[in-house]
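Q: Join these two chains into a complex; the hints should help.
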Amino acid sequence: MTAHFTFFVVTVFAVATWVGWEWPYIAKLMPVYVAAIPGLLLALVQLYRDATDWEGRRRGEKDGGLDMDEVVTVRLDKRTEMRRTLVFFAWFIGGAMAIWLLGIVIALPLLALLYALVEGREKWPVSLLMAAATFLLIWGLFEYLLEMRWPAGALFG
Amino acid sequence: MEVSLFHAALQGLLNLLHLKVFLAMLIGVSIGTFTAVAPQGLGMPLVYAILLPVVIRWEPVTGIALLIGASSVSAICAAYLPVLFGIPGGAGSQATVLDGYPMGKRGEARRALGASFMAGGMGCVIGTLTLLVALPAARPLIYLMGSPELFVVMLWGLSMVAVLAGRRPIKGLIAAAFGLLLATIGQQAQSGIMRFVFDQMYLLDGISISIIALALFGIPSALDLALTKLGVEQQAAPLKGSLLDGIKDTLREWWLVVRCSFVGVWIGIVPGLGSQVVDWLAYGHAAQTCKGARETFGKGDVRGVIAPESANDAKDGGDLITTLLLGFPQGVVTALFIVALLAWGFVPGPEMVKKNADLIYSIIWIQGISGIFGTLVGFVLAKQLAKLAEVRYTFMVPIIFIFVLMGAFSANRDPVDLLVVVSFGILGYFMRRFGYPRPAMILGLVLGDLMEKYLYRSMASYGFSWLTRPAVIVLLILATISFALTLRGRLKETR
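Protein sequences, first through last, are from chains A and B. Take -10 as the starting number for the first sequence in my numbering and just add one per residue. Take 258 as the starting number for the second sequence in my numbering and just add one per residue.
Treat the hints as calculated values from the structure; they're not laboratory data. Some clues are possibly wrong.
Computed Cβ-Cβ distance ranges for the label pairs, DEER-style [what the hints assert, rightly or not]:
(1) 76/A to 724/B: 38 to 46 Å
(2) 138/A to 394/B: 22 to 30 Å
(3) 15/A to 737/B: 20 to 28 Å
(4) -3/A to 461/B: 24 to 32 Å
(5) 279/B to 143/A: 37 to 45 Å
Glycine residues also receive a C-beta, built at the ideal position from the N, C-alpha and C atoms.
Chain B on its own, in the form it takes in the complex (with noise of 0.2 Å):
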């Protein structure tokens, strides 16, 4: 039944008011900390591959509490590393190391540390309003939207981030194939035939999708960590300076922040533009747009940390536009929240707008405290945080080979688990290792059955048809046209 959307988002915030709730966002917001502050082996898509099976159980607004309060953090807190060590502490905050590790080296740690969580905070903020306001004004559109539709935007959606999400773009489209193919692996739902499944009752519901993201993302970065030897053979910059002084900064800087905000949510909504891009984008607009920035810039100017860390935070916002208005993921983590709303019921796209708007306000405001709180726990905790982005590989790599195999074997509790596990770990490295991008690979991977179930139920309601239905065909054409264009480019950069 649908309601109002006044109702609706007063019925998401009463669904955090119970406690339980409430204590699952602020372990998510604990788990996202620690994430962002730790050497790069526990990455966010690791956290929610080896979250995704536990809390699939619980209640779906509890569950979700954790897992967005992990992610809504994990990027305000991520400046440590780039700060403390000059290496990027994940997917979008390469751009903080050019001038933040600069700070850090001059005695400036802890005001780039403060500029950063200030406009992370900002941000987050920023993105959640969008969000906000995007559902009311995205829901017209969205009512007109069928399953033919639906198809064509995945499809679209899908190609464009394969295009994009490695230096090749025939190698993002093989691995987003492979994705694909990956998902249909078990008895179809339609006709009941069993493919691929080579007489093996383990195959028979296809294989678990956290087992694969585990070892996929899990191996390689637990891999980098014993190649570096990070904290034996890396040292930290000194935790100086204040706090307070990245926080004023931030603040006389507001209309930067809000302007790289949007940087970043409109980085989210676009298919295919990911975390890579967005600080980039938003310290190249910054260096552009700021006074003196040619001079400044690169060299330890505080701007150079505030516009990157507030797009990266705003692009969240961004993210779950496409996430749960379109049922499209944008990343890997957002890919693995889908799988998580389906195991618990809800489909996300126009059915969730129709049947579940509270359930997206919930999301929404889940989003924006969390991130708030986020803000806060970076601030009292600098000293403590900054001494873990120092722990040694010797503790990291068996912590995530713990959670890998564990993770793993708990999704049937078969040996076979083990054995898939292995396999997509060396799978996973080598994928890296030869540059086939992995984010297209869980992509194809997770939309696989929905993208399937579309085009199943255009194919029954219309034939061959259904291709020649007018939004189908301005969708055909801009996703053509925005897919040759963006072809072309790369291919441009890459002669």
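So that you can see chain A by itself, here it is in the shape it has in the complex (with noise of 0.2 Å):
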């Protein structure tokens, strides 16, 4: 999977570096000459680790320690994980194509309603609490308040 990930990387340097190719010096100083080749260069450098297990034949040694991004590792078996995280990702894009289709001013209260209620087996009252804060905040706020109007979902446009 990392390798996958790692191609995808390699591929994005390298179309970046094929399209810009052709533009003028100026244009593509900095985004070929100082971002997409030696990125290009760096990711087949991590490709090929990649794809020869290299992290994985140092992972009994000690690591790097220093990790600026966050720190919380999660432990929890692969399949469980699995599961969550697809679950996870269900509940953004469902959220995300629930804009589009039915505008944010339905689409968000209802999500706050469905994940609570299904997702966290919330009570029916705190669920519709939480649904009826998000209409106010989206609606109330924005809308009735502050006077911008949020487009309306692909279905009712």
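A: Written out as structure tokens, the structure is:
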């Protein structure tokens, strides 16, 4: 899987280099010479490492200690982790699609209600309260108070 | 027009004497406190990403009061999760778990929290004072820096961040290069050429940084909550003990607070070293220098809480020194702060020091005042805030979804915004999973425009001869040496 992601990165840098190659010098200085070409070379090295499991061979040894990115490490079995991850993204993508189809004023309160009820197994009153609070925020604050109109969904547009 | 720094400091303070600025600061303090206490889903990068599209429509000083008010406080109140749950509240409070959680378990949670707030507040004040002194001291040097020097400094800083940001330096560099590449999407200001637009109107002005930041940080954080089911499967330590004892402990250990605060400021100044490092360095320093630490550290020694917390809060002062004086952000939060400044028409760095010194002083005043407020809030509302730390994931995850999707959609109100936020949310997940540090990518994205501007100016004014300027040569040598030493050190660690 790691190699697949690195291959994706290699592809992005390669395409960027190819697309930008014909531009005038001043236009391609940053994207091609500073970003894409060095990125491509580094990504190819990383692809080689991933393909040969270079990091796996060093996993028993002391790892680099610094990590500016977040530190929560989830300790779950792989199957549970995969299932919860897929469910999570299903909710997220579903929410985005609902905004597109129904409009944000309907979609987000509905998302809050359904997530609390179905995924969270919260009680009806609590779930309805969350949905109501979401509606107040999106419609009450933005549309009513600030008069910032949200576009209608594709089904109603 | 240049004004004396004294007048700038005075004007900076006068800028704050408006009710709406004060209210904005209080709102920022509230947001920062809530963010610090709530489970990790709502980290400061995500909060900044959510607030950005809103505050850039405000007056600059009011918007700055909100943003700085939030960020200066978030570290002060970040000890709840480490002390009560034994998990890091965010970057910079990992070491606090080592002694804070044992204190919580043996009925001294309030003492640990009191020490944390007091140490954090003192650290924030020391960091702010350092920032105050740094401006007049650094101004002559800053005036000497032109576009070539600024480009080299930014490149140096970005490469250091990239090398240090993740467990594998090469992945950090790849992430930074990817961020730089994303920054070039859209119409180039200098030549008018459409780059990577592929005939799509949406991409003409590039991809909104706030959408990328929202997705990149919000979605993986929310996923962590959904995976760990925080608040349901984890129970808090009881909130017992005395806050006053913690305050007395901190005042007694004032010299430790001062030393660790300067560690924090130094970490904040040096490019590439971030919140992840500061608490461990301060903890390590305290473990080596405090009497009897070998026997007591890691078992509930209050000094093991005081050291990292004071350093963590002082670091903000150091961060702002490089952000405001050099225009180089030290992390995601300062990077997004730069985005806000640019949106208001201010260019951080020498230009801002010359033309807007009063605004810099306003930021310094806000940083100090909100730190003091945050400390007081922590003391007064300790019991109530502790309850916030137990908010279930079933509430936190949909809240994050709502803010991420709403924040993204509000950028352009275009359905393509949704596609972008979903795509970068998935990208953020995979980056985190496969060890590509997101901070490096965001820094590349934020700095890309500025770096290209400085590079273009350098080439336009000097051709390639800008590389032979004495200051540039010195900076390049320093950058090469520190980069090589750092990379060698990282490679040694990973062998």
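Q: State for each hint whether it applies.
A: Right, here's what the structure says about each hint:
1. 76/A to 724/B: 38 to 46 Å: Cβ of residue 76/A to Cβ of residue 724/B: about 54 Å, so the range 38 to 46 Å is violated.
2. 138/A to 394/B: 22 to 30 Å: At 51 Å between Cβs, range violated.
3. 15/A to 737/B: 20 to 28 Å: Given range 20 to 28 Å: holds, Cβ gap about 26 Å.
4. -3/A to 461/B: 24 to 32 Å: About 25 Å separates the Cβ atoms of residue -3/A and residue 461/B, which means 24 to 32 Å holds.
5. 279/B to 143/A: 37 to 45 Å: 44 Å, holds
Figure legend: structure checked against the earlier numbered hints; hints not met, in rising order: 1, 2.
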